[in-house]
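Generate the whole structure from the sequences, applying the supplied hints.
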Amino acid sequence: MRTALADPAAQAEEGGRCFDEAAAAQMERFVDDFGRMYRERNEALREVTRAHHEALLHLSAAADLKDDDTGIHIVRIGYLAEALALALGQTVGFARMLRKAAPMHDVGKIGTPDSVLKKPGKLTPEEREIMNGHAAMGAEILGRSRIPVFRMAAEVALTHHERYDGTGYPAGLAGDAIPLAGRITAVVDFFDALTMDRVYRPAFRVEEALEMLKAESGRAFDPAVVDAFLAHAEAINALRCRITQECPSFDSLIDSH
Amino acid sequence: MKKILIVEDHMDIRKLLKMTLEFDDFEIHEAATGDAGWLLARELQPDIVLLDVMMPGALNGLDVCRRIKSDPGMRHTKVIMLTARVQSDDRAAGFSAGADDYLMKPFSTLQVLETIYRMEAAL
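The listed protein sequences derive, respectively, from chains A and B.
If you read the first sequence in the numbering used here, its first letter stands for residue 59, the second for the next number, and so on.
If you read the second sequence in the numbering used here, its first letter stands for residue 6, the second for the next number, and so on.
Don't read these hints as lab results, they were simulated from the structure.
Note that beta-carbon positions come from the ideal geometry of N, C-alpha and C, so glycine has one too.
Careful: at least some of the hints might be erroneous.
Said to hold, decoys possible - Cβ-to-Cβ under 10 Å is the rule here; a few derived chain B residues that face chain A: (1) 115; (2) 116; (3) 125.
Structure, rendered in C-alpha cells:
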C-alpha cells in the first residue's frame, strides 16, 4: 500500500512508499545478505575457474613443448586471436574470451605419441589418423567443464583444423558451419607457425607468410577472416613481435582486460 | 564502468533495484518520475535504463522509452522495461516503443543482473 506523503513536492521528488518502514528495512537486510552471498559465490567460481584454467594452460604448454615450441607460441595465439576477433568487429567480450580459450587449441597433442608427433618426413595414413586425433582429444580434455571459456576452448580445439572448403578434419565442416572461434584460431595459428623458426626450417618472412595466407583464402580459411587479418596485418604483426619480446605470463593472459 | 539509470516511482522498489545493482560495479543514477527520468537520461546518456511503465506525470515509461530510442545521443542506450502485469499487451507495447528487453514485477534479483549482463555483452 502506498501512503500519501504530506508534502506533494517531496513526493514528486522521492516517489511513493509501498512498504511500511519496518518491512522495508527487513527487506533491505535480506537483499544485503543475498548480495554478500552472490559476491562470495562469484568470487569462489572465479577462483575455481582460474585454477582450472591455469592447469589446462600448463598442460597446453607441455603439449606445445613436445611439439618443439618454446611455449610462447600458445600465448601469442591467444593475443593474436583476440586482435583478429576485434578486427572482425566482434564484441570485446567475445574477443577476450577467445584470448583465454585459443591458447589451449592443441592441448590434445599431449596424447599424441612422440613417434608420430616428432616424426621427420611424411606420415603414413595410420600415423596421420593418430595425428589428427589431437583435435577430438583436446576437445574432450577441455569440454568437461560447463564454464563458457572452456566450452569455447573445446570448440576451438575440435574445429581449428577444419577447412573453409570442407576438406579439413575431424568433421569436414565447410564455411560458416565451422564456428567463428575455430576459423579465427586457424588463421592466427597458421600465420604464427609460419613466422617462427622450426627445427626443420627457418621462419618465413612476414611478407611471404601473408602471401601464403592470402593463397589459402576461401580454401583453408574464411575469406572474411583472412581479409580482416590482411587489413590489420601491420598491427597484428607488431603485436606478435611485442609478445615474443615481453613474454607475458599466463596470469596476464587470464586476467588482463 | 557501465552507467545505469533507474526510473521508478516507488521509492522502496527503486531502493531494492539499486541495492541489486550494487552487487556489481555500476555507476547508478535514479529518477522518480518519467519526466525526471527523461531529463536525466538526456544529461547522462546512460548505457542501460531500467524503466518502469506506469508512472505519474506527463511522461510514462513508454513515452520515455520512445524518446530515448529516437535520441541520436543515446543510440547505444539499452532500455529494459519493468512491467507489473503479466499481460502480453504490455510486452508488445514495450517492444513497439523500442525497448530492448523487459522484466516482470515483482522482479527477480538474479534476473535483473542476468538481463543487464546480456545487454552489456551486446553493447
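Using 10 Å as the Cβ threshold, decide whether residue 115 of chain B counts as touching chain A. It holds, given that the least Cβ distance between residue 115 of chain B and chain A is near 8 Å, below 10 Å.
Was the hint right that residue 116 of chain B lines chain A, CB cutoff 10 Å? At 13 Å from the nearest chain A Cβ, residue 116 of chain B fails the 10 Å test, so the hint is violated.
Does residue 125 of chain B pass the interface hint, meaning its C-beta sits closer than 10 Å to a C-beta of chain A? It holds, given that the least Cβ distance between residue 125 of chain B and chain A is near 8 Å, below 10 Å.
In summary, the one numbered hint that this structure violates is 2.
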